Each structure stands twice: as structure tokens, then as C-alpha cells.
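Undergrad: Take a look at the letters that make up each chain.
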Amino acid sequence: MTRDEIINHILHIFQKEFEIENPGLDDDLREEHEFDSIDAVELLLQIEKMLGSELTQEEKKQAMDIRTINQIVDYIERLARARQTLLD
Amino acid sequence: MERRVVITACSAITPIGRTKAEILHALRNGVSGIKPLKEDGLLSGHIHSKVFGAVDYPITYDFKRTFRKTMGPVAYYACQVAKETLESSGLDQAFITSGRLGVAFGSTHGSPTVQREIYKTFFGGTRDDVRSIGAVDYLKSMVHTTAVNITKMFGITGRVISSSTACTTSSQSIGFGYEMVKFGMQDAMLCGGADEYDTTTVAVFDNLLACSTAFNATPHLTPRPFDVKRDGLVVGEGAGAVLLEEYDHARKRGAEILGEVIGFSCNNNGGDLILPNLQGISETIRIGLRDAHLAADQVDFISAHATGTKMGDVIEAQAIFDVYGDRPPIVGLKSYMGHTMGSCGAIETIILLHLMREGYIVPTLNLEDIDERCAMIRHSREVRDYPVRIAVVQNFAFGGVNTNLFIKKPD
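So the sequences go chain by chain: V and U.
Mapped onto numbering that gives the first Met the number 0, the consecutive letters of the first sequence carry residue numbers 0 to 87.
Mapped onto numbering that gives the first Met the number 0, the consecutive letters of the second sequence carry residue numbers 0 to 410.
Don't read these hints as lab results, they were simulated from the structure.
Honestly, I wouldn't trust all of these hints.
Distance condition first, Cα-Cα at most 25 Å in a straight line; then the derived BS3-like pairs of lysine-lysine [what the hints assert, rightly or not]:
| no. | chain 1 | residue 1 | chain 2 | residue 2 |
| --- | --- | --- | --- | --- |
| 1 | U | Lys-68 | V | Lys-15 |
| 2 | U | Lys-68 | V | Lys-60 |
| 3 | U | Lys-63 | V | Lys-15 |
| 4 | U | Lys-49 | U | Lys-119 |
| 5 | U | Lys-63 | U | Lys-151 |
| 6 | U | Lys-68 | V | Lys-59 |
| 7 | V | Lys-48 | U | Lys-68 |
| 8 | V | Lys-48 | U | Lys-119 |
| 9 | U | Lys-68 | U | Lys-151 |
Far from chain U, some chain V residues (derived; all Cβ distances over 12 Å) [as the list claims (entries may be wrong)]:
| no. | residue |
| --- | --- |
| 10 | Ile-6 |
| 11 | Asn-7 |
| 12 | Asn-21 |
| 13 | Glu-58 |
One side only, chain U facing chain V, incomplete, derived with CB under 10 Å [as the list claims (entries may be wrong)]:
| no. | residue |
| --- | --- |
| 14 | Lys-63 |
| 15 | Arg-67 |
| 16 | Lys-68 |
Quick caveat: nothing in here was measured; it's all calculated off a predicted structure.
Idealized CB from N, CA, C, for every residue including glycine.
Kindly generate the complete structure, drawing on both the sequences and the hints.
TA: So, in C-alpha cells, the structure goes:
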């Protein structure tokens, strides 16, 4: 998947699972869209489905500082590189 | 320090309606809220009792996703009556979030609907399914889900009490809330209880032979508190909330006072967890009278727990007679809507507020032929004008827990 495709996939998840429509890619999701720790845990499950593999506890902890869509995409790209999945 | 505690707002979801007008219409016209038990594909086929006190009308919820995501059906009920109560109270947002308002709200066992889904996943799922059980499922199903979803939705930062004592859940909520305000721990308490549609509870009582089974084809004819043909309770669903407020606080802000809580008692039978206990119940009534500084002859009207079980009604009638004699009229409100479990104490309190305001009392539905063992008390048999200044809500629960709430009409 290209970065744009990952962004579109994440935006789709945000719309479907979190009822957050078209957030700005650098919006602070917590401050501007009430995206909280419970949502973050749900998002990790979605990312696992996307990658087709479980995240380690260490990888999950790394996600807890994420605040924006761009950071989420960076995070997914790192995970995918480590697994050699998703990327072209 | 002892302060006066008044009720300044309320809201209910019941099998006989939502609004004061709907509920009073049902009570005045003998309309039952008991319906056929719905098929649930799990327990309904094994349960002998085929009746349920159902909330079978649509309720429109206007909750944002940020609130919905931690709510099971029971929390929807709880948050809806809490929302309506706070809105009608006129309390400003600064007070609601000040820490001076607390919440006392509970349910019998959180959300059994969500719990059922979790167990289905546990026992039938793959590893991926099991991993999908997350924090949200616990927040939706946990025992104090009603109380904390309310605090979250309205930003309430005061004390949280979440009773979960089956049939005395919401009468404890009101009673403990009353004590919080009376003794100056909080200036107001949002109190109540809720329980969702659930066949697990029916199955429990059904196994104990405590559910009504003889009126499956005519649900409106059961339960029948104090009637010779009564054959058990009917489980129901619903929610009720009241706002308790310190009297001077309410008066200064010009709030409408619906009633005053003047006494509360709660004790335990100290033994058997199921059987009704004459001594325990009689003692609850006496403790409550002392707390309310009342003589027995000052009580005008009693809402009995009156579930319609064979022995429970007899023991309760005996306890009432031992303390009050045959003077105050007695009504069993569960005859209209079944046993709404964790919400019954709050719903019955709200109905008493309405009746006190309107100046009439209503009969126990389906009470056609009084069991001679229950005949020594004065049963309310018809709708009639009857001024009530002080009324009592009696509730008794599995576990041997007993409560009495004493409510006074505003001066």
C-alpha cells in the first residue's frame, strides 16, 4: 500500500468506527475529536487486522503517544517495514 | 449536622410509559405493562414463565459516540433518565461539575446483554475473537456501568455510590444519597437504578419456582400481589432517577420541590439469602419510622414490595400489620409493570410523588380475591381521592436486604 492508500484506509476506519469525519492529517485527535485511550485500543485492533498480524506489547505501548493521523500512518509504515507487509 | 433533603426532579422509563401522564393513565385505567416473553434463542425456550414487564415502545437517544462507546443497554436507560432529570432540575453546569453533586446509581448486574456476548466469544470463539474482547466491553457490562456512564456524560465529579443489591438497588441509591446530603457530604445526589431486558434474571427466578407461569396466555393478569391466585413474580425492565438536593440550596435557587425524603432504613435478615423474614422486615419498618421521627399512625400510604410470590406477600402483609395495623392503604405497584428489579425502588418513589401531587391513590392491579393470609391489612382496591402527606416505599431483596424510604409531600 502507498502512504495515500494507508491514509485513506485509516480515514475510512475513523469514519466507520469512530464517527470522526475527515479529520485534518495533523489535527490533535484527542483535543479536536475526543479520540481517547479507549479509541486508541480499538484502533490498534484495526491496525492488527490491516497488517494481518498481532502487535507486541512493546509495539502497542509505542502507540500511546500518537496524536495525529500522520503519526498513525508513520506508525503503521514502521510496523509494516518490520514485517515486510503492506509495502510495495 | 442534619439537613433536610428534597426531591427536585425525576424521570422514569417503565413498562407502563415514560411521562407522568402516561404512567398515571395506566394506573388510573388498570393498564398492564406485562407482555409475552421475547424469544432470545438462548434461554427463553427453557424458561417456564413466558411473561415480562417490557419497555416495548421506542426511545430516541441523542448521545454522542464518545458517550455511546462505553454504554450497554442498561447504561442507555440510566443516562436517559439522568439526562432528563438534570435537564428538568434547572441545575447549572457549574454546580453539576463542582464536586458538590454526586451519583448513586446501580443495576442488578450491569449489562447481561453485553456479558452474554463476551461469554459467547470466550466459549465459541477463535483466538482472534477472544483478543477482540477489550476494555470497552468491560465498561459496558460492569456492575457500576450506569453510575460512571452518568458521571462521564455530565462531567459529575462528586461521590459515586453504585449499589447492586438486586431488588433494593435503587431504594439503596436513594437512601444512601439521602444520607450523603442529610449529613453534609454532598449538596445534591442524582440517584436511581436501571435494568435492561434480560432473560437471565427470569431464568434465575424461574429455577427457584418464584416466577409466574399460570398466566402465560394472559400476561396482563399477572403478577397478582396479595391475590389468592398469585403464582409468582414477573421480571421487568426500566429505569428511574430522582435528584435529591439540600433543602436550602433548592429553595434559594427557586427549584420546584416535588417531595422530601424524611427517612430511610436498611438492614439485613442476618441469615437466609432467599426467604422473606418477618422479623427482619418488621425491624426495617421500625428503624425507618425512627429515622423519620414518625409514629406509625402518621404514615398515610404504603407502596409495598409486593412481588406476587406465595410467601413474600404474606410475610410483608404480616409485617405491615404488626407495625401499622389496618389503617394505611397499601398498593402493590408491581402489579402494573412487573418487577423492574434494580429500578423498582426509584420508579415506585416517582409514582408516589405523582400520586401525592395529584391527591389520589390507585389500586393493586389483579387483586380480585384477597388471600386470607394477606387480608388483615387495608388494600387499595380502587382509584379514589385520598390526600397523602407521608408515604413509604418498601423493598426487599435477595440476600436478605431490606429497605424503607419515607417520602413527604411538600408543605
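Undergrad: Work down the list of hints and note, for each, if the structure agrees.
TA: Now for the hints, and whether the structure bears them out:
1. U:Lys-68 / V:Lys-15: Holds: U:Lys-68 and V:Lys-15 sit about 13 Å apart, inside 25 Å.
2. U:Lys-68 / V:Lys-60: holds (22 Å)
3. U:Lys-63 / V:Lys-15: holds (14 Å)
4. U:Lys-49 / U:Lys-119: holds (24 Å)
5. U:Lys-63 / U:Lys-151: holds (12 Å)
6. U:Lys-68 / V:Lys-59: holds (21 Å)
7. V:Lys-48 / U:Lys-68: Between V:Lys-48 and U:Lys-68 the Cα gap is close to 20 Å, so the pair holds against 25 Å.
8. V:Lys-48 / U:Lys-119: holds (21 Å)
9. U:Lys-68 / U:Lys-151: holds (12 Å)
10. Ile-6: Consistent with the label, V:Ile-6 stays out of reach of chain U, its closest Cβ about 22 Å off (over 12 Å).
11. Asn-7: V:Asn-7 clear of chain U: closest Cβ-Cβ about 21 Å, beyond 12 Å.
12. Asn-21: holds (15 Å)
13. Glu-58: holds (14 Å)
14. Lys-63: holds (8 Å)
15. Arg-67: holds (9 Å)
16. Lys-68: holds (6 Å)
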